[in-house]
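There are 2 protein chains.
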Amino acid sequence: MKTVGVAILGLGVVGSGTYKILRDHREFYKQTQGVDLSVECVLEINKQKALDLGIEESKVSDNIAEIVSNPNVDIVVEVIGGVEPARSFVLAALHSGKSVVTSNKELFCKHWHELERAAKRTNAGLFFEASCVGGVPIIRTLIDGMQANVITNLTGIINGTTNYILTRMAREGSNYADILKDAQALGYAEANPAADVEGYDATYKLSILSSLAFHTKVPLDKIYREGIADLKTCDIAYGNELGYTLKLLAIGKNGKDGIEVRVHPAFIRKDHPLASVNDSFNAVYLKGDSVGDIMLYGRGAGDLPTGSAIVSDVIYAATHNDVKYATFKNTQQAEKGVKFITDFRSRYFIRFTAKDKAGVLAKVAGIFAKYNISIIDLIQKGEDCENIPIILITHETSEFSVRRALEKIGELEDVVSVDSMIRVEG
Amino acid sequence: MKTVGVAILGLGVVGSGTYKILRDHREFYKQTQGVDLSVECVLEINKQKALDLGIEESKVSDNIAEIVSNPNVDIVVEVIGGVEPARSFVLAALHSGKSVVTSNKELFCKHWHELERAAKRTNAGLFFEASCVGGVPIIRTLIDGMQANVITNLTGIINGTTNYILTRMAREGSNYADILKDAQALGYAEANPAADVEGYDATYKLSILSSLAFHTKVPLDKIYREGIADLKTCDIAYGNELGYTLKLLAIGKNGKDGIEVRVHPAFIRKDHPLASVNDSFNAVYLKGDSVGDIMLYGRGAGDLPTGSAIVSDVIYAATHNDVKYATFKNTQQAEKGVKFITDFRSRYFIRFTAKDKAGVLAKVAGIFAKYNISIIDLIQKGEDCENIPIILITHETSEFSVRRALEKIGELEDVVSVDSMIRVEG
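Chains as they are written, first to last, in the working numbering: chain A, -3 to 422; chain B, -3 to 422.
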C-alpha cells in the first residue's frame, strides 16, 4: 500500500482538528481509500501544543526549510491563516514539489495566480476546498459536479459568526451589541470581530467561489461589501411581519451585462431554502442552466468540519496523479472583456421616520415616482406620537436610483430621518 | 485540444436532455474544460426522434455492435433504463474499452459488480452520478467530498414523484388517489406508478448511496420497503398539528450493531431541513463523524437536471486519465461480517379507533407498558360520536415491539380498528 507523508503547518483550531482526523482514521483510510496517510511532521512554535496532541517531539519543527526538504513529506497542509508567513511557506513547499492543501481564504483569493504558477512549475498539486464553507464540498461541486452548467447565480450564507448573531437577534429580539458580546464569550466571534461582522471574510470566500462558478477571476476589489454592525433589531421584526428573514448574503450573478458580486445584509422570503439556515450553519444556493437550483448546506467552520475538507483534499491529492490543480483551467487573470456591474438591481426595504402630518406620504411617493421606483408594500406604524416610522418595500429597481431617492426624501421638511435601507433578494 | 467522442444509447427524456446539453455547450466546454466533446452517434430505433433533435442521419444507429466498434467513440452514455438490453449494451461497451456513463439505477444496483469487473478488465471508466438524485452531485460528494468521514447516517428524499404527491396531499388536504391521477395527467407520475409509489425506485438509489456511504455493498433485499399508497390524508393533518411533516424517506444508518436500510413514509419535525424539501425536489442529509451534518438539495429528475449529472460525468471521464472507477475501492461484495438490522428502532405515530367507553385508554396503556413502550403524546379527538380516533406518539422503541403491541390492541373488545402506524424520524 502506498504511504503518503503529510506535514501540517500550524496547530491552531483547524490544524489540531486536521491532525486528530488523520490520527484517528488512519486504519479507516487504509481500508477505504487504499492509502496510508502518515503525519510526518508539524510546524509549530509552541511545542507543547504538539505534545498535548500526542505528537512525538522529533516530529515537531519550527523551521519551514526543514519541512519542505523532508523527503518523507509529500503533502503540506497550510492552516496558519493570514497572508504572511503563510504565503512564503506555501511557496516554499510548492517550489520543493510538495502538493499543498490550504484552508487559507485570504491568501488564496489574494495570491491565487502566484500560487498556481508556482504549483505548475514543479507539477505540485494545489487544493483549497477548506477555504470556503468549511466541511461543505462546494469547491468540488463547482469543479466536478456542476461543471456541465453555465452557472448564473450563486447566493450564499458563508459566514458562520454573522449568521449566528443574526439568528439570535431574530430569535431573541436583542440588539447587535449584546449578542456580539455573548457570541465572543461563547467563542462564536473573535475578540476583534471585524473580519466577520464587516463582511471581509465573506468577500474572500465570494471571490473564490464566484471565480470558479463564472470561470473568470473575480478580484476582491470588485465586490461590494456591507457588514451587519449597523443593523437594527426592529428592522428584523418589521421584516418578519412582512414574511422575510434577514441574512448576510454573498451574491454572485453572471448575466449578459456582466458579473455582479456583493456581500451585504438582505431580506429573503421565509419559504426560501436559505431562510432556514440558522445559527452557525452555512449554505450555498446555485443556479445552473441545466441543473436548475441546487443548495449545499452544512457547517462552515470549526476544527473537525474544516478538518474534514482538508483531509478530503489530502486524500484526493494522495490518490490522484494527473489532476494537480483544483482551479479553473482557462483563465490566468480577470479577462479583459469581463464587465463588473456596480449599479446592481434589487428590491429594497426602506424605513424612515416622518412627522405625523398630512401630505408626507404623498411627497415621498412623488419622489419615488420621479426615480421610477414602484412600491409593493407600505406600512405606517400608527403609534400615538409625534414621529411615526414608515416602512416600505419597492419593486426591483437600481441601487443608484434608490440612493438618490433616499437623499431627496431625507431633505423633506417633514421627514425626521431615513433610518434603514436593506436589500430584498431571492 | 483533445476531442472526445460520445455515443448516447437511447433518446428518451434523459437521452434527449443529455444531447441538448452537449450540443448547446460544446464551445463552453472547450473554453472552460479544455476538451471538445463531440456526439459521434446515437442508438435509437425511432430515427425520427434523432432527426427532430437535429442529429444527422448518418449518426443514428439501431445496432449496438456498430457503436461499440466505432473508433471515434470514447465514452458511451447509457440512458435506456431497466436491466435488459441496457446491461448487455453496457457490457459490450466496456468489453470494447469504452468508458460508460449511466443513469440506470436499477441496472447499477443489481449488477454493480459484474459491470465493475468488466470495466477493470479493459481499463475502461464507469460512472453513475446520474443514477441517484438527478443533478445533485451526491455520488461525487460521497466519493471525493466526504471521504474523510465515517458516515453514520444518510436520510434522503430521493423520489420526486412521491414527494410531489405528499406535498400536494399536505397542502390541499386531498386524498392520495385524486392527487396521483392529477400527477399522472401532469407528467409527474407514470401511467404505471408502482416503481415510484411503492418505493422501489428509492430502494435502488438507497442501495447505491448506502453502499458508497458505508463502504460495503448493500444489496436490495436487505432494504425494508413500504410505499405511500396507503397513507391517509387525515394522518398528514394530525401529524401537522403535532409539528410534523410526512415524507417518503430513504434511511441508512451504520452503527456498532450493523447497517440499517429502509424506505418508508415517516414524519419529521417541521424545523428539520428535510421538512421544507417540497414538490419534486430531492435532498440527502448526511452525518459524518468529522463534518457533522450536511445536506444536498436539488432536482432529482428531469431531462436537463439528470442530463447535467451525465454530462458532468462525461467531462470527468474525458479529463481524468487515472481515475477510472467512481466506485468503492475495497469491497467486492457484501462483506461477510456485515450485519443488517431488521428490528430497527424508531419513534411511532399510531392512530386507532376506539369505542367511546371508560377504561379503553387504560387497557391500551397497559399493553404498551407490557412491551416497554412509553408514550410522548396522546390526542383523543373528542368528536361526538360512538367511535373516537386516538392518536399517540411513542418514544423510541423497537419495530417488533410496536407490531406486537398493536396486534394485542387490535384484539381489545373496545378497539374498533388500528388504523395507522407511521414512523417518526429525525
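Keep in mind the hints are simulated off the structure, nothing from the lab.
Fair warning: this is a prediction, and the values are worked out from it, not measured in the lab.
Watch out, some of these pointers could steer you wrong.
When chains are identical, the list treats them as one kind, so a pair holds in a single copy or across two.
As the list claims (entries may be wrong) - Pairs of lysine-lysine, BS3-like flavour, derived with a Cα cap of 27 angstroms:
hint: 1; residue 1: K116; residue 2: K26
hint: 2; residue 1: K26; residue 2: K359
hint: 3; residue 1: K116; residue 2: K404
hint: 4; residue 1: K266; residue 2: K351
hint: 5; residue 1: K(-2); residue 2: K116
hint: 6; residue 1: K283; residue 2: K26
hint: 7; residue 1: K351; residue 2: K106
hint: 8; residue 1: K377; residue 2: K366
hint: 9; residue 1: K252; residue 2: K283
hint: 10; residue 1: K266; residue 2: K283
hint: 11; residue 1: K43; residue 2: K353
hint: 12; residue 1: K16; residue 2: K283
hint: 13; residue 1: K26; residue 2: K252
hint: 14; residue 1: K335; residue 2: K26
hint: 15; residue 1: K16; residue 2: K252
hint: 16; residue 1: K353; residue 2: K252
hint: 17; residue 1: K228; residue 2: K377
hint: 18; residue 1: K26; residue 2: K55
hint: 19; residue 1: K106; residue 2: K266
hint: 20; residue 1: K366; residue 2: K404
So, going through the hints one by one against the coordinates:
In the homo-oligomer, the alpha carbons of K116 and K26 lie at most 27 angstroms apart only across protomers (21 angstroms), although the nearest pairing inside one protomer, at 29 angstroms, exceeds that limit. Taking identical chains as interchangeable, the C-alpha atoms of K26 and K359 are never at most 27 angstroms apart, the minima being 73 angstroms within one chain and 56 angstroms between chains. For a Cα distance limit of 27 angstroms, the shortest separation of K116 from K404 qualifies neither inside one copy, at 55 angstroms, nor across copies, at 72 angstroms. With identical chains, the CA atoms of K266 and K351 are never at most 27 angstroms apart, being 32 angstroms at best within one copy and 43 angstroms at best between copies.
Taking the closest pair of Cα atoms, K(-2) and K116 come within 27 angstroms of each other both inside a single copy (24 angstroms) and across two copies (20 angstroms). Proximity of K283 and K26 under a CA criterion of 27 angstroms is satisfied inter-copy only: 21 angstroms between copies versus 37 angstroms inside one chain copy. Proximity of K351 to K106 under the C-alpha cut-off of 27 angstroms is found in neither arrangement, the shortest distances being 49 angstroms within a copy and 74 angstroms between copies. For the homomeric pair K377 and K366, the shortest alpha-carbon distance inside one copy (25 angstroms) is at most 27 angstroms, but the shortest distance between copies (59 angstroms) is not.
Taking identical chains as interchangeable, the C-alpha atoms of K252 and K283 lie at most 27 angstroms apart only when both belong to the same chain, with a minimum of 15 angstroms there against 39 angstroms between chains. Taking CA atoms no more than 27 angstroms apart as the test, K266 paired with K283 passes in both settings, with 19 angstroms inside one copy and 26 angstroms between copies. Taking the shortest alpha-carbon separations for K43 and K353, neither the intra-copy value of 70 angstroms nor the inter-copy value of 75 angstroms comes in at or below 27 angstroms. In the homo-oligomer, the alpha carbons of K16 and K283 lie at most 27 angstroms apart only across protomers (18 angstroms), although the nearest pairing inside one protomer, at 36 angstroms, exceeds that limit.
Within a single copy, K26 and K252 get their C-alpha atoms only as close as 48 angstroms, which misses the 27 angstroms cut-off; across copies the closest is 20 angstroms, which meets it. For the identical chains of this complex, K335 and K26 are inter-copy neighbours only, at 22 angstroms across copies versus 48 angstroms inside a copy, given an alpha-carbon limit of 27 angstroms. Within a single copy, K16 and K252 get their C-alpha atoms only as close as 47 angstroms, which misses the 27 angstroms cut-off; across copies the closest is 21 angstroms, which meets it. Proximity of K353 and K252 under a CA criterion of 27 angstroms is satisfied in neither setting, with 46 angstroms inside one chain copy and 71 angstroms between copies.
Taking the closest pair of Cα atoms, K228 and K377 come within 27 angstroms of each other only inside a single copy of the chain (16 angstroms); across copies the shortest separation is 45 angstroms, beyond that limit. Within a single copy, K26 and K55 get their C-alpha atoms as close as 22 angstroms, which meets the 27 angstroms cut-off; across copies the closest is 46 angstroms, which misses it. For a Cα distance limit of 27 angstroms, the shortest separation of K106 from K266 qualifies neither inside one copy, at 35 angstroms, nor across copies, at 42 angstroms. Taking the shortest alpha-carbon separations for K366 and K404, only the intra-copy value of 11 angstroms comes in at or below 27 angstroms, while the best inter-copy value is 76 angstroms.
Checked against the numbered hints above, the structure breaks hints 2, 3, 4, 7, 11, 16 and 19 and satisfies the rest.
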